[in-house]
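Undergrad: Listed here are the chains, written in short residue letters.
There are 4 protein chains.
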Amino acid sequence: MNRKNSLKHKLYTIIFEAETPAGKAFDVVLLVLILSSVLVVSLESVAGLRHDYLPYFISLEWGFTLLFTIEYLLRIYATPKPIKYIFSFFGLVDLLSIIPTYLSLLIIGSQYLLVVRVLRLLRVARIFKLTRFINEGQQLSSALRASVTKIIVFISTVLTLVVIIGSVMYIIEGEASGFTSIPTSIYWAIVTLTTVGYGDIAPATALGQILASFVMIMGYGIIAVPTGIVTVELSKSAREQATTRVCANCHQEGHPLQANYCYNCGYELPDQKS
Amino acid sequence: MNRKNSLKHKLYTIIFEAETPAGKAFDVVLLVLILSSVLVVSLESVAGLRHDYLPYFISLEWGFTLLFTIEYLLRIYATPKPIKYIFSFFGLVDLLSIIPTYLSLLIIGSQYLLVVRVLRLLRVARIFKLTRFINEGQQLSSALRASVTKIIVFISTVLTLVVIIGSVMYIIEGEASGFTSIPTSIYWAIVTLTTVGYGDIAPATALGQILASFVMIMGYGIIAVPTGIVTVELSKSAREQATTRVCANCHQEGHPLQANYCYNCGYELPDQKS
Amino acid sequence: MNRKNSLKHKLYTIIFEAETPAGKAFDVVLLVLILSSVLVVSLESVAGLRHDYLPYFISLEWGFTLLFTIEYLLRIYATPKPIKYIFSFFGLVDLLSIIPTYLSLLIIGSQYLLVVRVLRLLRVARIFKLTRFINEGQQLSSALRASVTKIIVFISTVLTLVVIIGSVMYIIEGEASGFTSIPTSIYWAIVTLTTVGYGDIAPATALGQILASFVMIMGYGIIAVPTGIVTVELSKSAREQATTRVCANCHQEGHPLQANYCYNCGYELPDQKS
Amino acid sequence: MNRKNSLKHKLYTIIFEAETPAGKAFDVVLLVLILSSVLVVSLESVAGLRHDYLPYFISLEWGFTLLFTIEYLLRIYATPKPIKYIFSFFGLVDLLSIIPTYLSLLIIGSQYLLVVRVLRLLRVARIFKLTRFINEGQQLSSALRASVTKIIVFISTVLTLVVIIGSVMYIIEGEASGFTSIPTSIYWAIVTLTTVGYGDIAPATALGQILASFVMIMGYGIIAVPTGIVTVELSKSAREQATTRVCANCHQEGHPLQANYCYNCGYELPDQKS
Numbered sequence: 001m002n003r004k005n006s007l008k009h010k011l012y013t014i015i016f017e018a019e020t021p022a023g024k025a026f027d028v029v030l031l032v033l034i035l036s037s038v039l040v041v042s043l044e045s046v047a048g049l050r051h052d053y054l055p056y057f058i059s060l061e062w063g064f065t066l067l068f069t070i071e072y073l074l075r076i077y078a079t080p081k082p083i084k085y086i087f088s089f090f091g092l093v094d095l096l097s098i099i100p101t102y103l104s105l106l107i108i109g110s111q112y113l114l115v116v117r118v119l120r121l122l123r124v125a126r127i128f129k130l131t132r133f134i135n136e137g138q139q140l141s142s143a144l145r146a147s148v149t150k151i152i153v154f155i156s157t158v159l160t161l162v163v164i165i166g167s168v169m170y171i172i173e174g175e176a177s178g179f180t181s182i183p184t185s186i187y188w189a190i191v192t193l194t195t196v197g198y199g200d201i202a203p204a205t206a207l208g209q210i211l212a213s214f215v216m217i218m219g220y221g222i223i224a225v226p227t228g229i230v231t232v233e234l235s236k237s238a239r240e241q242a243t244t245r246v247c248a249n250c251h252q253e254g255h256p257l258q259a260n261y262c263y264n265c266g267y268e269l270p271d272q273k274s
Numbered sequence: 001m002n003r004k005n006s007l008k009h010k011l012y013t014i015i016f017e018a019e020t021p022a023g024k025a026f027d028v029v030l031l032v033l034i035l036s037s038v039l040v041v042s043l044e045s046v047a048g049l050r051h052d053y054l055p056y057f058i059s060l061e062w063g064f065t066l067l068f069t070i071e072y073l074l075r076i077y078a079t080p081k082p083i084k085y086i087f088s089f090f091g092l093v094d095l096l097s098i099i100p101t102y103l104s105l106l107i108i109g110s111q112y113l114l115v116v117r118v119l120r121l122l123r124v125a126r127i128f129k130l131t132r133f134i135n136e137g138q139q140l141s142s143a144l145r146a147s148v149t150k151i152i153v154f155i156s157t158v159l160t161l162v163v164i165i166g167s168v169m170y171i172i173e174g175e176a177s178g179f180t181s182i183p184t185s186i187y188w189a190i191v192t193l194t195t196v197g198y199g200d201i202a203p204a205t206a207l208g209q210i211l212a213s214f215v216m217i218m219g220y221g222i223i224a225v226p227t228g229i230v231t232v233e234l235s236k237s238a239r240e241q242a243t244t245r246v247c248a249n250c251h252q253e254g255h256p257l258q259a260n261y262c263y264n265c266g267y268e269l270p271d272q273k274s
Numbered sequence: 001m002n003r004k005n006s007l008k009h010k011l012y013t014i015i016f017e018a019e020t021p022a023g024k025a026f027d028v029v030l031l032v033l034i035l036s037s038v039l040v041v042s043l044e045s046v047a048g049l050r051h052d053y054l055p056y057f058i059s060l061e062w063g064f065t066l067l068f069t070i071e072y073l074l075r076i077y078a079t080p081k082p083i084k085y086i087f088s089f090f091g092l093v094d095l096l097s098i099i100p101t102y103l104s105l106l107i108i109g110s111q112y113l114l115v116v117r118v119l120r121l122l123r124v125a126r127i128f129k130l131t132r133f134i135n136e137g138q139q140l141s142s143a144l145r146a147s148v149t150k151i152i153v154f155i156s157t158v159l160t161l162v163v164i165i166g167s168v169m170y171i172i173e174g175e176a177s178g179f180t181s182i183p184t185s186i187y188w189a190i191v192t193l194t195t196v197g198y199g200d201i202a203p204a205t206a207l208g209q210i211l212a213s214f215v216m217i218m219g220y221g222i223i224a225v226p227t228g229i230v231t232v233e234l235s236k237s238a239r240e241q242a243t244t245r246v247c248a249n250c251h252q253e254g255h256p257l258q259a260n261y262c263y264n265c266g267y268e269l270p271d272q273k274s
Numbered sequence: 001m002n003r004k005n006s007l008k009h010k011l012y013t014i015i016f017e018a019e020t021p022a023g024k025a026f027d028v029v030l031l032v033l034i035l036s037s038v039l040v041v042s043l044e045s046v047a048g049l050r051h052d053y054l055p056y057f058i059s060l061e062w063g064f065t066l067l068f069t070i071e072y073l074l075r076i077y078a079t080p081k082p083i084k085y086i087f088s089f090f091g092l093v094d095l096l097s098i099i100p101t102y103l104s105l106l107i108i109g110s111q112y113l114l115v116v117r118v119l120r121l122l123r124v125a126r127i128f129k130l131t132r133f134i135n136e137g138q139q140l141s142s143a144l145r146a147s148v149t150k151i152i153v154f155i156s157t158v159l160t161l162v163v164i165i166g167s168v169m170y171i172i173e174g175e176a177s178g179f180t181s182i183p184t185s186i187y188w189a190i191v192t193l194t195t196v197g198y199g200d201i202a203p204a205t206a207l208g209q210i211l212a213s214f215v216m217i218m219g220y221g222i223i224a225v226p227t228g229i230v231t232v233e234l235s236k237s238a239r240e241q242a243t244t245r246v247c248a249n250c251h252q253e254g255h256p257l258q259a260n261y262c263y264n265c266g267y268e269l270p271d272q273k274s
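Chains C, G, Z and F, in that order, are what the protein sequence lines are.
Mapping to full-length UniProt numbering: the first sequence position 38 is 38, numbers consecutive.
Mapping to full-length UniProt numbering: the second sequence position 207 is 207, numbers consecutive.
Mapping to full-length UniProt numbering: the third sequence position 258 is 258, numbers consecutive.
Mapping to full-length UniProt numbering: the fourth sequence position 217 is 217, numbers consecutive.
Keep in mind the hints are simulated off the structure, nothing from the lab.
Model, not experiment: these values are computed from the prediction.
Ideal Cβ positions, reconstructed from N, Cα and C, are used throughout, including at glycine.
Taking beta-carbon pairs under 10 Å as the criterion, some of the chain Z residues facing chain G (in silico):
| hint | residue |
| --- | --- |
| 1 | S42 |
| 2 | V46 |
| 3 | A47 |
| 4 | Y112 |
| 5 | V116 |
| 6 | Q139 |
| 7 | L144 |
| 8 | F154 |
| 9 | T184 |
| 10 | Y187 |
| 11 | G197 |
| 12 | D200 |
| 13 | I222 |
| 14 | G228 |
| 15 | V232 |
| 16 | S235 |
Bound conformation, chain C alone (with noise of 0.2 Å):
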């Protein structure tokens, strides 16, 4: 029992962590899974290169899912709480990461699924120890998360924007010039006021070219707004960070460069410059 508690600990520290030698060998060899198997299954979509090498591709696809089996079941029975690592997101990725290979034997075609896989590199991203990189990730994400309102606020607006502008330019230009249904023309009007203008539907008349000048002149200043909210919100994040004096006293941070006292309890703050 004792061994048996000793085998899962040290597989527990071989997979979940990459202090060890043998966790990060560990990692390293998941990595370079990962990215071979999403390469195969994007070169596998290629016509030229499936009909030439299809068995290749279905062995390496068999192959990389066992792999990735045995790995998720070996997780499963590390884990000291499994039934919480199957409903983590790392669990549920993990899971989608080989459920489409065994679907493939009932619907063509799920097998491209797999790219799903891209995802677990996240769990990889450790063996860098990129500690500073996820601050930054967290610093990026936190500002967009202190901004999640705002977002939502000018992502509703852009939206009733988008429906009433699509209706207008359905009336105008017809079916004529591409604009064969409301949703076509709201579609439409998002590619035009995100600025990507793919081209594909475009106004012909006079009228039509108006009204998608005034969009277009429009989404000019809505395209600033979001970039002003994270601009923003970094800003606010990054002059937090600068400000990393703590209080002797009741240890308080984030004191202004230029104050005298701690602006918790009062007590006068030691000399910025000595």
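Mind docking chains G, Z and F on chain C? Use the hints.
TA: Relative to the frame of chain C, chains G, Z and F by itself:
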């Protein structure tokens, strides 16, 4: 008389407010009706669906319109100031949401204007108790309003530019490449400067491509201006929000929201929440 | 002599200034004439309209040109320094606004250059008494001027990049996909880096699409640079505007909000909040 | 021996420096030669011109290459540390600027690689005595370098996104709309997320257009991130440049460049320029 008034008041509470359970239920039903009716109008415009299900679409449309008409009349009845309501923003939107159906008896195609109903969602937004969202929306729109003169100057400059660029391109490219007239060329200039770039009209001569390259690189700088304006305004309003507390002792401004003591003189700050 | 001078002065007040009722009326008439004449030139270029209404267009054009010629001669007569006026920016624009019509007798099509008249609107902008607008415009253009060296460095980098990218794409893609020469490929690189993306030329080979993907993701970062430059300059000028405290001793402006003493002469500043 | 050394030194001053009149003249000649040779390579690739003037192009190319080869050999001769020069950035660029012509005897088309000569302009930039430009360039590139981890995190996120989006679109749209393989679909996802939008590949099914709309609106937010990062870094470096003076009496930081006295305690500040 009193009973009638109390009925009127009850109706008012249900229709115009969202605090009572009945008022909340009314708003939820309204939300569903509005979204469904906009969806029905959109789907009706798809040729395949219109061909197969036209009678259903027409029935649904008239159903929604009758419900909204009853709601409109009840609103006029319930409000203490009917005239003010009718000519308010929401009153006009409510009216515009029912007129196109009646108009479609006379003018074919006018029912597509019913998508204006999407604006009614603004009214129903209340049910989410989204005061936080409304605050954010006000912050965004006040940032935009604060920079309205800058934006007018900017748009005037852009319009002057596109008129001149469009005319020069019309002379250089001519009708062979799709620059069929000065207004069309101005439309092309707007499509290019805003980086939408449909490609339905594109320069084909060497000289035209050189000029277009200049326009695009200029567009780089030009698209930066509204972004800069909005960012500065947003950051100003964010800073103002953060720094409106003043020390009663030394009049130092700019205390963080969580501060208890002035960082300049150490004096206790008044409590933020009282 | 005196009478002639007083007539000259009166003319000067009407034509060059906008404070008197006559001066204002003159500017309003001029505004309408300029907008109408640009509209006529634009509409004349539309093939359908030119075919039907050519005589009217030609009459209107000559009418406007004669009026503007008279105005130009009166301006030369009325101004105390005619030479300075003729070679000033506005003097040259005024001249360029009438020459193309006369030129069109010799060179067909040159009348389209008349749209340069749109620049004359700058002169008429005065009548709106838009000092606030002019201030904002100056703020914008001073922000752009302050960052002119940064922008030159940036554009040189972009130009070096597009020459190299364009040549490599020419070698990779060749003439089959529309990359017919190095200048054309450089044009494509500019279209792509600026995210305009017409799609008249697009990579078709796998290698070309991989390189194009790199260019586009690089373009992400590159388009951020001018925006960053302009935002920083605008925010700097906004901050300077915000700090308009004046020293009572030396009249130095621009003291920070938290300042206690004038940074120029050391004199104590009046308390901000009392 | 001494005489030889003095010749070597004189050559070094002329070729590597730009302070003497001879050195300046050398750089101006070099600038003209580089620009002309890049122009010749570009024009040679235009089919019409190549057909008519091929012998002239070849002569000019060999002429430029011989001149640059002589220059390269002189540089190796004149520099005191030839090995260090050969493997320096500029040494490699100088070599790459002459190799393609010799290579074109063996491999047809390799002469187009000569555009790499455009990089030599970096060297000649000195003659403008553009220390101010170099400062600005350093400021820009240090701002970019400071945010390099943030940008790597960002690009990794974007690459993960486009792999998943591309695969899903491949399954939804299939080969009919141009999504012929997963790599092609990933290319489409990059074209769309970066708002380039060629339109050579565009979704045609309703489901594909809905997904594409999500991608574009997401792209709105995503394009805001690099802009935010660069803006914050640029504004940080601008702020640091402005505020590095410290009061010797009260250690207050953040004095404007033109300040003579500390704004906090009124103490005289040390002179900025000594």
